[in-house]
Amino acid sequence: MLPADIDTDDALRHLSVVDDTFGPIGRRRLLQGLGAGLGGVALASLLPGSLGASLAAAAEVEAAAASSDGILVVVTLNGGNDGLNTVVPYTSGPYRDLRGSLAVGADRVLRLDGAVGLHPNLTFLGQDWAAGRLAVVEGLGYPSPDFSHFSSMGIWMQGWGGTGTAGSGWLGRYLDDLDGGLFRAMVIGGTIPLAYVGRNRRATAISPNAGDLAVQDSPVRTRVHDAIRALAATPTGRGAWADALARIDVDLLDVGRTVAPSFRPALPADRVERDFVLAGRLLNAGIGIRVLGVSMGDFDSHAGQPGMHDTRMRQLDTGLRSFFATLTPAVAARVTVMTVSEFGRTPRANTSQGTDHGTASCAFVLGASVTGGRYGSPPSLTTLRRGQLLHTVDFRSLYATVLTGVLGADADAVLGRRYEPLAGLLVVRSNQRAEPAQPVVVERPRTAGFVPISPERRLDTRDGTGDVLVAPIGPGASLELVVAGRGSVPPTGATAVALNVTVTGPSAAGYLTVWPTGEARPTASSLNFVPGQTVPNHVVAKLGAGGAVSFFNSAGATHVVADVVGYFADDVAVGLVPLTPNRLLDTRDSDSPIGPQATVPLPVTGRGGVPAEGVAAVVLNLTVTEPTAPGFFTVWPSGTPRPLASSLNFVAGETVPNLVVAKVGTDGAVSIFNSNGQAHVVADVVGFYGPLEQRADAVRAVALSPSRVLDTRTTAPIGPGATLRLPMLERGGVPASGVRGVSLNVTVTEPSAGGYLTVWPSGTARPLASNLNFRPGQTTPNHVVAKLGPDGAVSIFNSAGSTHVVVDVVGFFAADTNTA
Amino acid sequence: MRRAGFGATAAEVAALVPFERAAIVDRLLDVSAAPADAPPPAFSDPAQGNWQRYVALVQQWTDRMATSPAPLQEKMTLFWHGHFTSSREKCSIEDLQRQIARYRALALGNLRTLAQAMAIEPAMLDYLDNAVSTRWGPNLNFARELLELFLLGVGNYSEDDVAAAARAWTGHTIDRTARRYRFRADWHDNTDKTFMGVTRNWDGPQIIEFLLDDSRTRLIVARFIAGRLWDFFAGPVPAPAAVEAVAQSLLGSGWELRPAVRTLLLRNEFFSDAVRAGLVRTPVEFAVAAMRATGFDAATAHPEWYLAGMGQELLNPPDVSGWRPNAYWITTTAAAAKTSFASYVGWRQRELRRPFVPGGRSVAPAAVVTGALARAGIDEPSPASRAALVRWLEQNRAAKWDDWAEDQYLAVLVFLTPEFQLA
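In order, the protein sequence lines correspond to chains A and B.
For the first sequence, counting from 1, position 389 maps to 389 in the numbering used here; every step adds exactly one.
Heads up: take any position in the second sequence, counting from 1, add 820, and you land on the numbering used here.
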């Protein structure tokens, strides 16, 4: 297991060590069920009956009832398209270094923005970009990448996130639940790729060479056709394969009758363009197609890449241009095209003027419903694993996007798991069924009680904990973490969670925002960091859609670790009792720092205002000071096994505070563990959670989506010894009355000297306590729980130097209003 | 005969009836009567370009399949073409001709010899890029497929093994002038590599030797090849005991293929109803069976015009894993190409006045159908197929001006029966 805190180099080393990802076990596990040849066994198991049932369906032309439904056209780039030379990071030095003469020059690319440009042959796509209907999705891949065409295609085609292997394709599974006959899904070509083979239905293949088939232009032919139908009229008695062979010839007649008009006038001679034009005509024919597959290749540019890839790019561009030129406006309005390829290529050019099998790559999505722009995030060219790119977006998120946005399908069911669609990529089409308008009901926010738990690790991008990608969160990227129903958090009833969030190894200065999934991302930071720094913070986050919270990273790439320390629920009668800060422990007093791998007990009940009985959890402001080595603290209930979680992370010499909510053990104590070196710890108790019925002063919590209420960077810093009054009522979701306290995320940035901040109720005496300690130049965040003064405000005091302060409100505390 | 070759007429089957099963298999395995192997004449004609040479090669090969007295040799050559495959998209047609000839010569020989020869055939060196693999930039393509698709199978090696094997194979390249294999010591990585846990100065051929000799890998190789052979001859109906027997034959004989194939063809599982009904003729088998039934050579039937549409273009596999079985051939596209090919052959019969059943319209419909089915090698037609053909013939004869269609469409409909399309 990874330690809770490791530095960037360590993290990379861990990421570079072979678990079984590239080794035999992973691949074997992966291929179980996939079959010996691509779809060979899988398809074999599909027959008998099921295939027949679908293909025997009458081939009548589909009714026009679905004439407004979206149409998905999937263009498969076989062989592994070189993403880096398709969407080119033309300003990147590492790109030029890695690619050498294979690099597409900055003077050649069709610039999309200041960072990336399209391959120069993608002129049609460039026009689409300018028209705002081309989405570029960067960093697509999947965990434990496979470098075999076969295996990786299998993974992409199956598009399965559930357990085991699917043995069926993602579009096939979509087709399984769809009404309609032979033409719902079609592929141009001679064989049906696994992607289009479902559990009991599959697409219909239509060959560009098949134009004259099944023309019934004479009694002779009619009689021959009748004989072919007679061969399939009754079971052959020779087994399922024989039956299927008889039936496919009948299907051929049916298909031929329907598609024959699409072959006139003659198709273009160029094979790729021909397929695209045929695809367009078939869609125009209005035969009920929802999914249409076109494929082209070969993109496997091991050698002689420049000429080969230039040609493929031109063919793709010309094909798409011809395709859209073929479509009628009514059909074009329904069509979304997306490209897929089984993998990208090695970032470093080989010595054969080529590139080898790689990992992450890009995809295009274009059409009338597309909101143009860049999605996903470009994989790092400097942080590589075994010389390969680390993907940033799971390709199944792209699938989820089109399944829901174009096909209106249940993406979770098709993909076997929840994958978050790429937000905003597809606009809701005006002719899609709209949900009936709901009357807006203004309700007083419900308050919630708190259930503390022993810390549970729910997210770790360094090892994939939380079903996330083993990759840092890229700049401008976000990930969703389902919290409800995981570990000790119940699937329903929880309204918010208390998290200890840590960033580690950020590559640039930035901030993290944690907010309810599904809501607009607020302008607020949950945690700020500078390159290389490991920073923890206590974050109370409201749960959004699907019981999930979203994490957004503003800049650079950073790993994120999140431990759940408790949750808030309506039906829980446990409330917070804020206390005047009271010091429970300061190891500097006895000059006895905690040693490496040592644990100190901290009795909390009956001390510092905490009662002896009825205490579920304590809220501590924990500060580490003078640590001799980088490490972390874990705080957990005494008498229980130490969880893999960190409450506070630090590097040598740093003073770091963090608000820690710790469940209390049966002996009334919490344990504090130090991972490395010698470190002093200071623990102030600032509140506790207890049963509401026992404490008239207990309050219940309401979690809010974070909202910025102060940013001195737009005005003036707080000077030395100065106090700033910050009104809280009717701001950021805090109501006008009934509020006892607020939950704030306070960040100090650009301090000119070392010092501390104190936050306390406005209009009362300033206590001798610190909420947040900082050193010159250091950006430091901390979660602060503060009572409000009689005037509905808090005061913020700065001890030394001048510093900017940023405050986001993330929740408030109120008397129990649920029964009011 | 259908499985070990490319189909037999009822008469050919009847001639074998008196023999024991083992004796029949031994006759099939005796390929001494196979005709000599030489490039088609087009290859020595400078006026013939690549495409013409390709067509000539496909025609020559399909003719051999249809007419060779040793059809099992051609069948095994087709197997190796699908297994150690290469494509005209990346290789010169001359190299491919030599590669196929090499596979043919070694088709039932020793796997060790064949694997070593395969690795350094210029077609393979080009197809999987080993020709450009140097110690400065080892190309992983060949090394990966050697382990994944050729000898070991997925899951039996690590990514490190692929990298080590690639370094071992550096310098094994092509003399572009002489168009033949050449070892360039200056390109070869002459340092220690760790392959399968063994560190030494590996050279490419030693990798193959190791896989066939080492106690950890030899059984895996034997079972992998045995499994592929079973899939090819018997189809997807699993028979673990039969596969194991074939694997043990390979190991026991020092990798001799002839006894292994003999073991397979004599297994009881091979003759089970499920296996007999469990394999669809590949397009090449379908086309060659039609050529055999009609007696047309490739220059008359032109299978090369239709094989791509059916999904199996010789010398142009879809990818490095070759062709896949059964359901891959059951698509409307493949059916369209099959229908077109059958129709063309039917039209040629009428044009060349070579009716499928001699005697023509003076023979009663039921007798014509019996003769047609026998000629196509369908010894046990289903009542439904038979009835459909007879009824068609009767109706066609009843239409006053359309009786000519009998000459053209009789064979077409026979070829489209499910019985003919099964292997």
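Honestly, the hints are just simulated from the structure, not real lab data.
Because the structure is a prediction, the values reported are computed rather than measured.
Take these hints with a grain of salt, some might be off.
To be verified - The calculated SDA-like cross-link candidates involving lysine to any residue, where the alpha carbons are at most 20 Å apart (straight line), are:
1) B/910 x A/298
2) B/910 x A/352
3) B/910 x A/351
4) B/910 x B/870
5) B/910 x A/353
6) B/910 x B/998
7) B/910 x B/995
8) B/910 x B/869
9) B/1220 x B/1190
10) B/910 x B/921
11) B/1220 x A/220
12) B/910 x B/956
13) B/1220 x B/1184
14) B/910 x A/307
15) B/910 x B/996
16) B/1220 x B/1138
17) B/910 x A/776
18) B/1220 x A/219
19) B/910 x B/972
20) B/1220 x A/271
21) B/910 x A/297
22) B/1220 x B/1181
23) B/910 x A/304
24) B/910 x A/226
25) B/910 x B/1137
26) B/1220 x A/310
27) B/910 x A/310
28) B/910 x B/999
29) B/910 x B/997
30) B/910 x B/871
31) B/910 x B/1000
32) B/910 x A/308
33) B/1220 x B/1182
34) B/1220 x A/307
35) B/910 x B/1220
36) B/910 x B/840
Right, here's what the structure says about each hint:
Of the supplied pair hints, the one linking residue 910 of chain B and residue 298 of chain A holds, its CA atoms being roughly 11 Å apart against a limit of 20 Å. Restraint check: the Cα-Cα separation between residue 910 of chain B and residue 352 of chain A comes to about 15 Å, which is no more than 20 Å; the hinted pair holds. For a cut-off of 20 Å, the pair hint linking residue 910 of chain B to residue 351 of chain A stands: about 18 Å separates their Cα positions. For a cut-off of 20 Å, the pair hint linking residue 910 of chain B to residue 870 of chain B stands: about 13 Å separates their Cα positions.
Only pairs whose Cα atoms come within 20 Å are accepted, and residue 910 of chain B paired with residue 353 of chain A is accepted, the gap being roughly 16 Å. Our distance criterion of 20 Å between C-alpha atoms is met by residue 910 of chain B and residue 998 of chain B, whose separation comes to about 18 Å. The hinted pair formed by residue 910 of chain B and residue 995 of chain B meets the criterion: a straight-line CA distance of about 17 Å does not exceed 20 Å. Taking the CA atoms of residue 910 of chain B and residue 869 of chain B, the gap is about 16 Å. The hint holds against a cut of 20 Å.
For the given pair, residue 1220 of chain B sits about 24 Å from residue 1190 of chain B by alpha-carbon distance, which is inconsistent with the 20 Å threshold. Simply put, residue 910 of chain B and residue 921 of chain B have alpha-carbon atoms about 18 Å apart, close enough for the 20 Å limit, and the pair holds. Under the criterion of a C-alpha separation no larger than 20 Å, the hint pairing residue 1220 of chain B with residue 220 of chain A is consistent with the structure, at around 11 Å. For the proposed pair residue 910 of chain B and residue 956 of chain B, the alpha carbon gap of about 23 Å is over 20 Å, so the pair is violated.
A threshold of 20 Å between alpha carbons decides the hint, and for residue 1220 of chain B with residue 1184 of chain B the separation of about 17 Å falls inside it, so the pair holds. Under the criterion of a C-alpha separation no larger than 20 Å, the hint pairing residue 910 of chain B with residue 307 of chain A is consistent with the structure, at around 14 Å. Proximity of residue 910 of chain B to residue 996 of chain B is assessed by CA-CA distance (about 15 Å); at most 20 Å being required, the pair is judged to hold. Restraint check for residue 1220 of chain B and residue 1138 of chain B: the C-alpha separation of about 47 Å exceeds 20 Å, so the hint is violated.
At most 20 Å may separate the alpha-carbon atoms for a hinted pair to count; residue 910 of chain B and residue 776 of chain A exceed this at roughly 64 Å. A C-alpha spacing of about 11 Å is found between residue 1220 of chain B and residue 219 of chain A, which places the hinted pair at or below 20 Å, so the restraint holds. Distance hint between residue 910 of chain B and residue 972 of chain B is unfulfilled; the C-alpha atoms sit about 24 Å from each other, more than 20 Å. Pair hint residue 1220 of chain B plus residue 271 of chain A does not hold up; C-alpha atoms about 44 Å apart against a cutoff of 20 Å.
Taken as a hint, the residue 910 of chain B and residue 297 of chain A pair is honoured in the structure, with Cα atoms around 13 Å apart against an allowance of 20 Å. Restraint check for residue 1220 of chain B and residue 1181 of chain B: the C-alpha separation of about 13 Å stays at or below 20 Å, so the hint holds. Pair hint residue 910 of chain B plus residue 304 of chain A holds up; C-alpha atoms about 12 Å apart against a cutoff of 20 Å. For a cut-off of 20 Å, the pair hint linking residue 910 of chain B to residue 226 of chain A is broken: about 44 Å separates their Cα positions.
Proximity of residue 910 of chain B to residue 1137 of chain B is assessed by CA-CA distance (about 11 Å); at most 20 Å being required, the pair is judged to hold. Straight-line distance between C-alpha atoms of residue 1220 of chain B and residue 310 of chain A comes to about 60 Å, which puts the hinted pair past the 20 Å bound. Annotation: proposed proximity of residue 910 of chain B to residue 310 of chain A holds, straight-line Cα distance about 17 Å (limit 20 Å). With a C-alpha separation of about 15 Å, the suggested pairing of residue 910 of chain B with residue 999 of chain B holds against the 20 Å cut-off.
Between the alpha carbons of residue 910 of chain B and residue 997 of chain B the distance comes to roughly 18 Å, so the proposed pair stays at or under 20 Å and holds. Restraint check: the Cα-Cα separation between residue 910 of chain B and residue 871 of chain B comes to about 14 Å, which is no more than 20 Å; the hinted pair holds. Restraint check for residue 910 of chain B and residue 1000 of chain B: satisfied, since their Cα atoms lie roughly 16 Å apart, inside the 20 Å limit. A threshold of 20 Å between alpha carbons decides the hint, and for residue 910 of chain B with residue 308 of chain A the separation of about 12 Å falls inside it, so the pair holds.
Between residue 1220 of chain B and residue 1182 of chain B the alpha-carbon distance is near 15 Å, which keeps this suggested pair within the 20 Å criterion. Distance restraint check for residue 1220 of chain B and residue 307 of chain A: the Cα-Cα separation of roughly 61 Å exceeds the 20 Å cut-off, and the hinted pair is therefore not satisfied. Taken as a hint, the residue 910 of chain B and residue 1220 of chain B pair is broken in the structure, with Cα atoms around 54 Å apart against an allowance of 20 Å. Proximity of residue 910 of chain B to residue 840 of chain B is assessed by CA-CA distance (about 46 Å); at most 20 Å being required, the pair is judged violated.
When held up to the earlier numbered hints, the structure conflicts with 9, 12, 16, 17, 19, 20, 24, 26, 34, 35 and 36 and fits the remainder.
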